[in-house]
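J.: Start from the sequences and build out the full structure, keeping to the hints where you can.
Under my numbering, the residue at position 31 of the sequence shown is numbered 31, and the numbers go up by one with no gaps.
What the hints contain is simulated information worked out from the structure, not anything from laboratory work.
Keep in mind that the hints are not guaranteed to be accurate.
Unchecked claim - Between beta-carbon pairs, the in silico distance windows are:
1) 98 to 130: 24 to 32 Å
2) 95 to 130: 44 to 52 Å
3) 20 to 72: 51 to 59 Å
Said to hold, decoys possible - Calculated lysine to any residue pairs in the SDA-like style (CA-CA distance at most 25 Å, straight line):
4) 94 to 27
5) 94 to 173
6) 121 to 155
7) 94 to 122
8) 94 to 106
9) 94 to 72
10) 94 to 210
11) 94 to 127
12) 94 to 133
13) 94 to 62
14) 121 to 106
15) 94 to 53
16) 121 to 62
17) 121 to 110
18) 121 to 202
19) 121 to 137
20) 121 to 97
Backbone N, C-alpha and C define an ideal beta-carbon position, used for all residues, glycine too.
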Amino acid sequence: MTAYTAYTAYTAFLLAGLALVALGLALAATIVLQRGLRQHAQRRDLALVEPFRPLLIALVLDERVDAAATAQILGADARAWSALEPHIISMVRKLRGDSRAVLVNLLDERGTITRLDRRLKRPGAVGRARAAELLGLLGEHAPRLDLERLALHDHDPEVRIVAARALGEIGDPLSARALLAAASGPRAVPLRIAARSLARLGPGAAPELMRGLRSDTTTSRAVSAEILGLLGVTSAAAALASAAEDDPE
Numbered sequence: 001m002t003a004y005t006a007y008t009a010y011t012a013f014l015l016a017g018l019a020l021v022a023l024g025l026a027l028a029a030t031i032v033l034q035r036g037l038r039q040h041a042q043r044r045d046l047a048l049v050e051p052f053r054p055l056l057i058a059l060v061l062d063e064r065v066d067a068a069a070t071a072q073i074l075g076a077d078a079r080a081w082s083a084l085e086p087h088i089i090s091m092v093r094k095l096r097g098d099s100r101a102v103l104v105n106l107l108d109e110r111g112t113i114t115r116l117d118r119r120l121k122r123p124g125a126v127g128r129a130r131a132a133e134l135l136g137l138l139g140e141h142a143p144r145l146d147l148e149r150l151a152l153h154d155h156d157p158e159v160r161i162v163a164a165r166a167l168g169e170i171g172d173p174l175s176a177r178a179l180l181a182a183a184s185g186p187r188a189v190p191l192r193i194a195a196r197s198l199a200r201l202g203p204g205a206a207p208e209l210m211r212g213l214r215s216d217t218t219t220s221r222a223v224s225a226e227i228l229g230l231l232g233v234t235s236a237a238a239a240l241a242s243a244a245e246d247d248p249e
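T.: Printed below as a string of structure tokens:
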């Protein structure tokens with residue numbers, strides 16, 4: 001190897017090393033910048049939420065709905081609402097009963113539920129699953145039929161699972177038929193997911209579950225029998241006994 005060749009190789013190696021160092025520094029700077037921007041956004045959102053926090057606490061704790069506080073929250077501008085909405089949803093996750101209902105009504109009046117419903121119908125499985133999960137928190141306000149459609153027909157298995165869970169969260173007995181159907185077939189959700197959601201529908205789902213005992217599919221019959229037994233629906237005892245005698249499996 002000549003001196004020139006050695007010098008050229010050394011120079012190329014040195015330049016490659018410098019390029020790697022520069023790339024590493026650029027990557028580190030990008031990470032630091034992104035972290036700084038994220039922290040700045042979090043501080044900004046907290047500042048936007050802070051004026052509304054006492055109003056939200058008052059709404060949750062008071063027995064009577066404060067119309068003035070409600071109007072003030074609903075009157076938040078778009079920037080403040082973009083920070084306030086996830087904060088309210090976070091509170092909804094932790095509450096039950098009337099306190100939760102007050103906050104859900106706020107979200108409904110401000111258009112959150114309508115926006116999430118539209119998101120269910122758009123491309124992007126992650127977005128559909130996220131929308132379905134949030135809608136499951138909102139009870140009777142949620143678009144039950146759209147969630148049933150996702151649980152039965154969405155091409156993405158994770159979306160189907162999240163939609164089935166959401167139906168259980170909502171707890172409407174009218175979803176029993178869809179959940180039974182979702183437990184079998186080529187796009188079935190895992191059996192434990194469907195069964196858990198069916199159990200959360202309560203005794204009101206018993207009529208559909210009793211019909212499920214006569215289903216053509218073994219899965220539907222088995223799930224129906226299991227949930228009826230779990231719910232302890234006394235009126236279903238005769239149907240369970242008859243199904244056990246007639247079922248060849």
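J.: Now look at each hint and say whether the structure bears it out.
T.: Okay, the hints, checked on the actual structure:
{"no.": "1", "hint": "98 to 130: 24 to 32 Å", "in the structure": "holds (27 Å)"}
{"no.": "2", "hint": "95 to 130: 44 to 52 Å", "in the structure": "violated (20 Å)"}
{"no.": "3", "hint": "20 to 72: 51 to 59 Å", "in the structure": "holds (55 Å)"}
{"no.": "4", "hint": "94 to 27", "in the structure": "violated (38 Å)"}
{"no.": "5", "hint": "94 to 173", "in the structure": "holds (24 Å)"}
{"no.": "6", "hint": "121 to 155", "in the structure": "holds (12 Å)"}
{"no.": "7", "hint": "94 to 122", "in the structure": "violated (29 Å)"}
{"no.": "8", "hint": "94 to 106", "in the structure": "holds (16 Å)"}
{"no.": "9", "hint": "94 to 72", "in the structure": "holds (23 Å)"}
{"no.": "10", "hint": "94 to 210", "in the structure": "violated (34 Å)"}
{"no.": "11", "hint": "94 to 127", "in the structure": "holds (23 Å)"}
{"no.": "12", "hint": "94 to 133", "in the structure": "holds (15 Å)"}
{"no.": "13", "hint": "94 to 62", "in the structure": "holds (17 Å)"}
{"no.": "14", "hint": "121 to 106", "in the structure": "holds (23 Å)"}
{"no.": "15", "hint": "94 to 53", "in the structure": "holds (15 Å)"}
{"no.": "16", "hint": "121 to 62", "in the structure": "violated (37 Å)"}
{"no.": "17", "hint": "121 to 110", "in the structure": "holds (20 Å)"}
{"no.": "18", "hint": "121 to 202", "in the structure": "violated (29 Å)"}
{"no.": "19", "hint": "121 to 137", "in the structure": "holds (18 Å)"}
{"no.": "20", "hint": "121 to 97", "in the structure": "violated (30 Å)"}
The structure shown violates the earlier hints numbered 2, 4, 7, 10, 16, 18 and 20.
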